[in-house]
Amino acid sequence: MKKILFLFLLLPFLQVPAQTPDAAALLQKVRARLDQVNDYQATGIMKTNVSFLKVPEATVAVYFKRPDKLKIRNDKGISLVPKGAVTVSLNNLLKGAYTTLDAGTDMLAGHKVKVIKLLPQDDNADLVLSTLYIDETRLLIVKARTTTRENGTYEVEMTYGKYIAYALPDKVVFTFNTKDYKLPKGITFDYDDGSKKTQPVAGASKGKVELDYSSYIINKGVPDSVFQ
Amino acid sequence: MSPVIQVTHLTKHFRDHQAVNDLSFTVQPADVYGFLGQNGAGKSTTIRMLLTLITPTAGEIEVFGMNLRTHRQEILRKVGAVIERPDLYKYLTAYENLSLFARMSGIKPAKSLLMQQLELVGLAERAHSPVNTFSQGMKQRLGIATALIHDPDLVILDEPTNGLDPQGIADIRNLILHLSSHRKKTLLVSSHLLSEMELIATRMLIIDKGRKVAEGAVSTLFDPAGTIVELDTVDPDFTGAVLARSEWQPFLQERQAGKFLLKMDRNRIPDLTRDLVQGGVQVLALRPRHSLEDYFLSLTTANQHVDAFTN
Amino acid sequence: MWTLLQIELFKIFRRPRTYIPFAAIAAMVLIIQLGLKFDGKSYLELMMSSLSDSFYIPYGMIMNGYLVAFVILNTLLIQVPLLVALVAGDVVAGEANMGTLRLLVIRPVSRTKLMLVKYGASVIYTVLLLVWMAVLALFLSMLLFGTNDMLIARNTVMEEIRRNDVLWRYIAAFGYATVALSTVAALAFLLSVFAENSIGPIVSTISIVIVLTILSEMRIPLYDNTIKPWLFTSHMLAWKGFFYSQSDGKGAALPGTVENLPAILRSLGVLLAYIAAFVTTAIWTFSKKDILS
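Protein chains in written order, with our numbering: chain A, 1 to 228; chain B, 1001 to 1311; chain C, 2001 to 2293.
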């Protein structure tokens, strides 16, 4: 019932009928590229840009193991990893059964991209709708926007470089919704230095996390213990 | 020889009363200078001004020939004092108290010196006991030790025998005499115990209501020409009438409970006796009073308080 | 001067009541450490309540020695000034009460020097209290809870400081706290000059600090721009400013930086001015005072 409603809502935006073979075929090719990688261990710099977080850049380790294990770890300190970053990894997005919809094309940073929408067929899945922006020439997903039941809408943008052969990005920018943050002054006893502070706008919080990967170790095996 | 203390027109006015009023006096080297006055006469205030605890409203103080205002530290190096009841650090021992005050006076006392001082005041055996276990007399003696530790030239003792038993009073008296005769100190001692002052003082100052009433050597204060003679008769009214008609009227000081006090030359007592008998007065007793107490009472307003008790 | 200072410190530290604040601090610190050791997660869950939906929170790593020390310092804000007042309020009034003040003043030492030494001894006492607190609150916490990056929950922002960027901030914070507490000591010292009994200055200092702290923390527009900037209590919390880093404009904290150092230095200036005013007034008053005790 939900799916029908969704399709109905999407109708004005669709230029081709549902489950277009071109879109599915494109997705298959993209998936095949992604399937080259069974596991990887990457090192990167994580930059957090959230209105109520002021954290320094952190060197993190990212572990992946097929089909859907992903872990971002800071072994040298504390990093606040957004929950959605794991949920909406590309491998997760393409996991399971879904209905593919061709949503035409779009321009992204001056390049033409193919827009494909995915509707998971599992009614209980957390993912509700994903929109993928695919570079057809290079068979790479350059952007994904995902709506989840629990945590709202996320956006992931990928930039490729050194590891393009494995369809592994050099840089990932992850944008997500956040709750308002405020602790009573009677608890924090902040130092008031007299400067004017911009009060965060209630209900409009969006956070951004950037991961700049410096290196990948691909398909060399990753123990399950790192995902604990 | 220049005086040790020279006080000129010293005045202290507190918010609600005048404590010292135009007081001038001199203390000579080697004096045991008695400072007498009843409670509230201004003795302690004067002593506190000598020790820079209180600022005078007017007047000048010179000690060892130096102005106290401009040479304070130099003077205080040579002065030791016990002011009223000497309160020391109760949680410290006698030895620690003495050491502390010695160092504050600018000396680095060796252990032997400290023990010697404690020996002098009879506290050597209790050197390492906390002061809060001491009797009043022991605290008094320790106070004197702290006043003497830096070997001052001038020692000021304000009520040094307060709260002491007769033996304690005698000990202090002997100590004062020792300091004066053997150690050649100049002492200024204030006391209520007039009988004691009589025994130790060489010179004396008597003040009343902040003013000097008398000053001088003890011997000259009891001028035979100014002896107080007490006359006790059978009929005081008749005696009063006889005296009023006689040459003795000007010598009459006062009448106290039926007795008459005359201030006169003691050598003329026989003349007085003859005149009274010839006048028909029946004399019960005729006594010359020459003690310091009587002299003091005669000069100060203390006798008013005595009357209030006896009448 | 050094001899006089030694004597003053000797008197302070031979007195049993001097050690009460040290015991009190030890008790408070240990109570907080025990509480956090056994139930620190509840504390963190409160702190992180608005983040836990969006982020994975490594509670075990966050509850480390640096955070625990910060929590302790935060909690002891009100208490330690009172403990300082206990000693500083007694240095002159206590002597007057004991009857020993007159014995000091008749020594060949200027009243100014006497007062400077007494205040100096109060400051040294304050420093020793803070060192004691540093050892227990910081170093013992580091031992019990380990070290890691430090998270600080501010009113509208959560700050993170890398572990190798923390210690110097604590040193600066303790240094600043010394000045802040010396201001309280100076106030107690001044009030001590007017009294013959130390209870008055101690209670008065505590009352003044509490009332002014409330005024400093309240948000009343009438006071915000008029009185508040000039209250010394408004500047006593500036030690926290050493834990606020600058941002690179994109939300990332810049290690090794202080968000608003000029503000902290201004606050420091205000406190030093108060100290100078209190101590100068105390010395001037005492030099003119008739010692009747």
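Do not take every clue at face value.
Simulated crosslink set (PhoX-like; lysine-lysine; CA at most 20 Å straight-line) [to be verified]: (1) A:K112 / A:K143; (2) A:K206 / A:K179; (3) A:K95 / A:K47; (4) C:K2113 / A:K208; (5) C:K2113 / B:K1108; (6) A:K83 / A:K112; (7) A:K171 / C:K2113; (8) A:K47 / C:K2288; (9) A:K206 / C:K2250; (10) A:K179 / C:K2113; (11) A:K69 / A:K83; (12) A:K185 / A:K47; (13) A:K76 / A:K95; (14) B:K1184 / B:K1078; (15) A:K29 / A:K71; (16) A:K143 / A:K179.
Hint data in this document are derived by calculation from the structure and do not stem from the laboratory.
Taking the earlier hints as the rules, which of them does this structure contradict? The structure breaks hints 3, 4, 6, 7, 8, 10, 12, 13, 15 and 16; every other hint is satisfied.
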